[in-house]
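Chain B with the ligand: place on chain A using the hints.
So the sequences go chain by chain: A and B. Under full-length UniProt numbering, the first sequence has 51 at position 51, and the numbering climbs by one with no breaks. Under full-length UniProt numbering, the second sequence has 208 at position 208, and the numbering climbs by one with no breaks.
Quick caveat, the hints were computed from the structure, so don't treat them as lab data. Careful, some of the hints might be misleading.
Unchecked claim - Restraint-style ranges between C-beta atoms, simulated for each label pair:
1. A:A168 <-> B:E25: 19 to 27 Å
2. A:Q147 <-> B:R122: 55 to 63 Å
3. B:L56 <-> A:V82: 20 to 28 Å
4. A:Q65 <-> B:P191: 43 to 51 Å
5. A:T144 <-> B:L56: 37 to 45 Å
6. A:D15 <-> B:G22: 56 to 64 Å
Claimed, not checked - Here's a subset of chain A near chain B, in silico, CB distances under 8 Å, partners left out:
7. L31
8. V120
9. K160
For every residue, glycine included, the Cβ atom is placed at its ideal position computed from N, Cα and C.
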Amino acid sequence: MNSDDELAERLRDGDEKALRTAYERHGAAVLYLAQRLLGNRADAEDVTQVTFVAAWTGRDGFDPQRGTMLGWLLGIARRKAVDRLRSAARDTRVTESVRAQLAPPDGLETPERVVDRLVVADELGRLPEEQRRTLELAFFDDLTHHQIATVTGLPLGTVKSHIRRGMANLRRRWEVDGAASGSRSAGPTRAL
Amino acid sequence: MRHLDPDRLVLLALSDEPRDPGESEHLAGCADCRHELDAFRGVAGLGSEAQDLRDLPPPPEHVWRAIEAGIVSPVRARTRRRRPRWVTTAVIAAAAAVVAVAGTVVVERVVDRSAAEQVTARATLKPLATVPADAGGSVRVLADGKMSIDVRNLPLTTGFHEVWLIDPDDLSRMVALGSLTDRPDAVLPVPPGTDLNRYRLVDISDEPHDGDAAHSGRSLLRGTLTS
Ligand SMILES: [Zn+2]
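Next comes chain B alone, as it looks inside the complex:
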């Protein structure tokens, strides 16, 4: 028995071709050809539903930013970038200065509150996949150039938690802001001249006390700054 020509089956599937009696008879008796005809009919059915799908709107940018925040690979970044030594030194020096003038700082904070608390950018920090889902936080960049960071339920660490600003377009670029203390909130200075449109990905990492100033590759929370 000769099967129907596949090209002929395609035309029959689109159903505006009249079948001749021989074709109808063959189809009635041949499961293979019926199967082929059904497959092409299926394709034709899907094809006629394709019209709505041709002009889907472009996918939203904010979803892309969330993807960016999810894919940043600090392990890669680590191999490319070392934190400049001066940052560590500056952080230690700053810490010492805070201890020395702690009394003054409290007074100044009260005085400067109105100017300082104007928020110029903010981010919601979300846990990475390996981190308990109840961990999280928020970040506010204040008008005076400081960054206020609130975190909750961070996993315990034998090291410390470090705050980074990362350029999601070029992962070799990151700025270390400093480490979080045991308090749930911290205020860290953003180095003057830091472009927060570029370094917009906030990253909280778990760092061991190993003397290596580069990112450990163990990120806990991330979020993207928006103004």
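One chain only, chain A, in its complex shape:
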């Protein structure tokens, strides 16, 4: 279901219901990212609000050719959350602890890592049913390809083919929408 294009078009036309649809689809991921980065619910909800308002204001800057709507929204949310951490540092002079938040010590997630997880999880959910199921068994249940074939009743060759295709899809999406792609998109959305 590639309705990002249609949604983008409705957004650009100033259709508020399109923003509502985007919120229903991606609000949970934006909130999750903000909460991971800011560490508390109230700030995370604030950043979620600011992100969708900024998305509305800057809706002309979303280009479905350059990435998905989720990737675009997460990019905005990440900048808003980091801005908030920085201004908190200015306000309270607790520079040290905030710096620690911006560059988490080993073992904690960086903003980039959280964005990447959300993007890959979203793409996993969009894969064709059998591809998705096969990859989930490999990822979540740690099954070998032979075990997957047994569990699903699919021929081993089919399992391997699902995994190859599914992995290729996830990787493509990661490269387009993942956090590392943020640096390449110096387009208008950077200003949001």
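What follows is chain B with the ligand alone, placed relative to chain A:
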């Protein structure tokens, strides 16, 4: 030198495929193939962390209402909707009436206080991005159908501050309640029959004295009514 087949690299990245000696040897000597293998391993790592993200709870409605309050575009609304002339006339007439019976009003207020001060809905007004952050206010809808508005630190205006009720689901719909005086608090009547579940977005705008009764597009404060 022939690189390893990309499909083969995917299977190796999931690590339950035994490598043959030729593959190990090639990987040891080929940075390109190692890079590819690492990329697929990265994807596999992210994929195995995706499990927690599949069942995120739906995002909360109150955050959506705050978004709604932030996106209402009075400039758009202006092009679609004119305030009916009778509203302006009624406001002027009402103002005249207040001047005429000011003495009586004070007495009545004291008498009616208990009934009138039951609050049926309220909203916190927050400044828009272009407005100083210390500006703000609060709104209470009283049981007698009047709206009590307290504002603080509004930017100075050469015009006046107008109070609106807007339907966030259909921005062409708005009701002008009247203008704020120089006092920090004001009580304005809500037109009878106004559905406050629908017209729930309170908006304070800066209006020039230009004779145009429509919203100027310059909103200062906003908040959503909740009961
Ligand atoms: Zn190679």
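Going down the list of hints, with the structure as the test:
| no. | hint | in the structure |
| --- | --- | --- |
| 1 | A:A168 <-> B:E25: 19 to 27 Å | holds, 25 Å |
| 2 | A:Q147 <-> B:R122: 55 to 63 Å | holds, 59 Å |
| 3 | B:L56 <-> A:V82: 20 to 28 Å | holds, 21 Å |
| 4 | A:Q65 <-> B:P191: 43 to 51 Å | holds, 48 Å |
| 5 | A:T144 <-> B:L56: 37 to 45 Å | violated, 29 Å |
| 6 | A:D15 <-> B:G22: 56 to 64 Å | holds, 58 Å |
| 7 | L31 | holds, 5 Å |
| 8 | V120 | holds, 4 Å |
| 9 | K160 | holds, 6 Å |
In this structure, only the earlier hint numbered 5 is contradicted, and the remaining ones agree with it.
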